[in-house]
Structure formats: structure tokens, C-alpha cells
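**Q** Below, each chain spelled out in residue letters.
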Amino acid sequence: RKEVEQDPGPFNVPEGATVAFNCTYSNSASQSFFWYRQDCRKEPKLLMSVYSSGNEDGRFTAQLNRASQYISLLIRDSKLSDSATYLCVVDGGFKTIFGAGTRLFVKA
Amino acid sequence: GAVVSQHPSRVICKSGTSVKIECRSLDFQATTMFWYRQFPKQSLMLMATSNEGSKATYEQGVEKDKFLINHASLTLSTLTVTSAHPEDSSFYICSARDSAGVRGGGELFFGEGSRLTVL
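So the protein sequences, as listed, match chains C and B. Residues 7 to 114 (this note's numbering) are what the first sequence spells out, left to right. Residues 1014 to 1132 (this note's numbering) are what the second sequence spells out, left to right.
What the hints contain is simulated information worked out from the structure, not anything from laboratory work. Watch out, some of these pointers could steer you wrong.
What the hints assert, rightly or not - Straight-line Cα separation of at most 30 Å, DSSO-like style, residue types lysine-lysine; simulated pairs:
no., chain 1, residue 1, chain 2, residue 2
1, C, Lys101, B, Lys1054
2, B, Lys1033, C, Lys51
3, B, Lys1054, C, Lys48
4, C, Lys101, B, Lys1079
5, C, Lys51, B, Lys1077
6, C, Lys101, B, Lys1077
7, C, Lys113, C, Lys85
8, C, Lys51, B, Lys1054
Please build the complete structure, drawing on both the sequences and the hints.
**A** This is the structure in C-alpha cells:
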């Protein structure tokens, strides 16, 4: 089993749609969780951290379920500019593991 | 602006030569930095963890003699690809977090990446 697994992509959605990405992790001792966004041929950039209580930043909502070892990212009212690869990142302190990424294409 | 600077951003070299990539944290100290490799349309793969003042920790399958890592100061880690071959052509990215936990609250900051092409 991979340490971090993400939904297979790509997701093709129309503008304005709501889309959800899921991610599971195997190490129950993992401490920090993040969603990063990576545009083609660029470095990953932090989208948002994921907290146990869940957190929201504009159109983006992230949730963490420690019992099920599961995190999610919800994007509402998708924009063309949201097209990118979304990486689930799990941090155990000494080691950071990236998911394979989920590609999102938002179309007009 | 960037908080982790990576240089060079693009390098083309001949097969058999060595290439050094630098990763600098610009306004924080990082006792640990990470090096990744990403092939086209594939995920980011952790190669090694660079530890200031001690040996790097390599992931399984990564040749430590081929990918030399030096973390001589709290703000600089270097990755040297020795005797590069065409199959080493890839996008190499470093990341670091503020050891003091002030900058970013645990967030990983990434360098801009270095695209290596070995002819």
C-alpha cells in the first residue's frame, strides 16, 4: 500500500462546478497535512494546510479525519485558473510524503 | 518573493559530466532540506533528506554515490549529479522548512526547480 494515495485523475469539470479530491495516508503517526498545487513545469505551491477541525479559504475547504486517515479538498465554483495538479502532502516531521497528484481541468 | 532559491533553473550537460544544483533558504535557517525528482507527467518523488552537518538520508533506490548531497550550512544544501546520463534528465526540486518554526508555521517552501537535460 502506498504511504499516500490520492484519487486518480484527471478530473474534467465545467466552470462553476464543485469538485472534491480525496487522499488517504497509511502512517497513523503523521502530524501535518497539506494540499499543494502544482502548475505544469513549475514547483509546488502551498494551497492550504489541513487542520483537524477543518478549514476554509474562500472557495477551498480542507478536512482531516484522523480516525479514517483521510483528508479531502473541496473546490467550489471552479475557475479556469484552478486547472492544475493538486498534491496531497503528509508530513511525519522527519519525512514528507507526496501523493501522486490529481489533475484538474476546468473548462469553459 | 521566493524564500527558497534554487540554482541553476535550467542546465544542459554532456553525458558523463557532473552537475551541481544549489538550494538556499533566503530568510530562515533550515536544518533539514529535501530533494525531489519529478519525471514528466509523474509525481514528485523524494530522493533524499539533507541534514545540516551530517550525512543525507537517501530513499530506497536512490544511489548515494551518484547523487551527492552536501548540507554545509543552515541555509545551503547542494545536490551533485555525478557522471550524468540521459536517464538522469529530470526536474529536480528542493524544499525546506523553517527549523525555528517562525516562517510559515511548518509549511514546506520549494525552490523554483532545476530542469536537467543530459545529452
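**Q** Does the structure break any of the earlier hints, and which numbers would those be?
**A** Hints that this structure does not satisfy do not exist here, as all of them hold.
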